[in-house]
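Can you make the complete structure from the sequences, with help from the hints?
Protein chains in written order, with our numbering: chain V, 3 to 317; chain X, 813 to 1164.
Quick caveat, the hints were computed from the structure, so don't treat them as lab data. This structure is a prediction, so every number in the text was calculated from the model and none was measured. Heads up, the beta-carbon is just placed ideally off N, CA and C, and yes, glycines get one too. Everything hinted at is true.
If we take Cβ atoms under 10 Å as the criterion, some of the chain V residues that face chain X in the derived model are:
no., residue
1, 211
2, 212
3, 223
4, 224
Covered stretches of chain V (chain X as the covering partner; in silico rule of three or more C-beta atoms under 8 Å from a C-beta of chain X):
no., stretch
5, 196-206
6, 213-221
Negatives, chain V to chain X, calculated, CB over 10 Å:
no., residue
7, 52
8, 118
9, 128
10, 171
11, 253
12, 300
13, 303
Chain by chain, the residues run as shown.
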Amino acid sequence: MASGSFAAPPETTAWTRLMVNRNWLGFWFMVPTMIFLVFFLAWPLILGMWMSMTDMRIGRGGSFIGLENYQYLLDDSDFLNATAFTLAYTAVASVVKFAVGLYLAILLNNHMPFKAFIRAIVLIPFIVPTVLSAVAFWWIFDTQFSIFTWLLQKWGFLDKGQYINWLGDPFLAQCSVIFANIWRGIPFIAITLLAGLQTVSPSLYEAATLDGASGWQRFRFVTYPLLTPIIAVVMTFSVLFTFTDFQLIWAMTRGGPVNATQLMATLSYQRGILGGRLGEGAAIATAMVPFLLAAIMVSWFGLQRRKWQQGESND
Amino acid sequence: MASVQIAGVRKAYGSTQVIHGVDIDIEDGEFVILVGPSGCGKSTLLRMIAGLENISGGEIRIGPRVVNDVPPKERDIAMVFQNYALYPHMTVADNMAFSMKLRKAPKEEIADRVGKAAAILGLEKLLDRYPRQLSGGQRQRVAMGRAIVRDPQVFLFDEPLSNLDAKLRVQMRTEIKELHQRLKTTTVYVTHDQIEAMTMADKIVVMHDGIVEQMGAPLDLYDRPANLFVAAFIGSPSMNLLNGTITPAGFETAGGVVWPIGTHPADSNGKAAVLGIRPEHIQLDDNGLKAEVVVVEPMGSETQVVVRCGGQSLTCVFRERITAKPGELIGITPDTNVTHLFDAATGKTLAA
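What follows is the structure, encoded as structure tokens:
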């Protein structure tokens, strides 16, 4: 027996196992991120939900009142209108942004002179700070100096001296802020979809051309199916960003006129911070969560790897 | 099936001309291979036949019809791409059926044709798979299946074997040739690999810098290369080319080494020329020229030896096994019936 020449293996204590074991190591590496997420995401969310069940005001601790805030909000026409407008705002803006963004992406994917320059220009609305562009839109939709009014007058659709109250009329104000949001959101979608388009091998289009596909059929049967995974990601983000929009509205209309352009986010701010009713503001913010969760669920199912994306396995 | 005529075809991108007037006649049912180094214009020419590139000048006919301005889908051709270009989101069956679905062919006909093509290529069990789940050789076969289903006038292959490993390439080479013998569809095949060209083609077109250097049956090109380019390009290992002068005694290279040559033009004495000797046409001969062994590469069936003689390196292929060590001298002699003489100035063959 040669046992004498070997040192006895050191006793594996629970402590060394915690330091060496692969699974535990993985856990240790995740701890910093988990702490970060808990403190900056989970904790504020829980705090907000708890606050929505209190009658807390600024400068005064609140007491637990259960679902009273929510009950109150269900009878509050301002809240219901804000919810309805937030949904409409998200739906209309997302659909138009997607359509125009996809169109732009396909256009930019073609060979053309000054390609890089044009692509850079498309990004401008995305680069300009939101508040700055909102101020620009404030002028664009100004009652007296609006460039749209000026153009309509120039083209003879409006008489001289006749003005449109873009941001003063409830319906026009809603259209105006949606327009501004679309303008701002298109570059994100266009550039991301362009990146997706560029991963499609040009020989697929050549093969489809030889197979007899027309331009529309090449889009319908080759481009679109290959782009669906990236469309799902982009549209999820787009919907989330649009639904929670705040800056644009606040800079352009502050939710007015008569709360016509009030989004849930702006209403929550108005009630909670400006009005001082923290509990009620928190309840409005918390009411956004189910909608956002629904959007994420939809994209989660949309994002599931399709069978054709899977690797070499045979099933 | 149809013949293909290429007459005076040119291609220019802006002011740069890449194909300078090419004439090729491809007969009905012929297997023609365009071969040449990269950048010689062979792929561009193929894409012009397919209709993926405009024709800057000249005429291409498929059958009796001039197709210069006919859109690709009406040319009745099918193409196999180097990267296969399979639609990743469609199953094998859908990939093959795509062109027929676009034509709105009846379902039974589609199923019938796809089934037949799959049977020809041994793809029956893979019809429900996606391209991702296939090996390189299987993808290659699906790409061919997609072409077969079309039942086109002409098959076009653009370097279809370049992405396969060496062993599979040899196997697919045989399969493609067999397929052609079975379907007898006119085929134009582009490759940079002269072995593919030699083994598969009825007719080889050697291209270089946008012109046709020589056209003919594989063994014609091997036996009678028209110029230095073809001589060096066709054959493996490639032909030894020695610089020197033709003298009444033979072919004199640097250092006063005189190589025996066969018949040569009577008026060519004193002319600077290039002597071409294929490695397999050099024999061991104790009375021959003394050459210093540089490298010996035994291949089993034959031995490849690099030697130095008259200041120039030569590759020889001997049927015998060589025991000589590097640095030793061996005697070699070329088979003068199959040596080639080229004009050093023009590169053209000197007529015997």
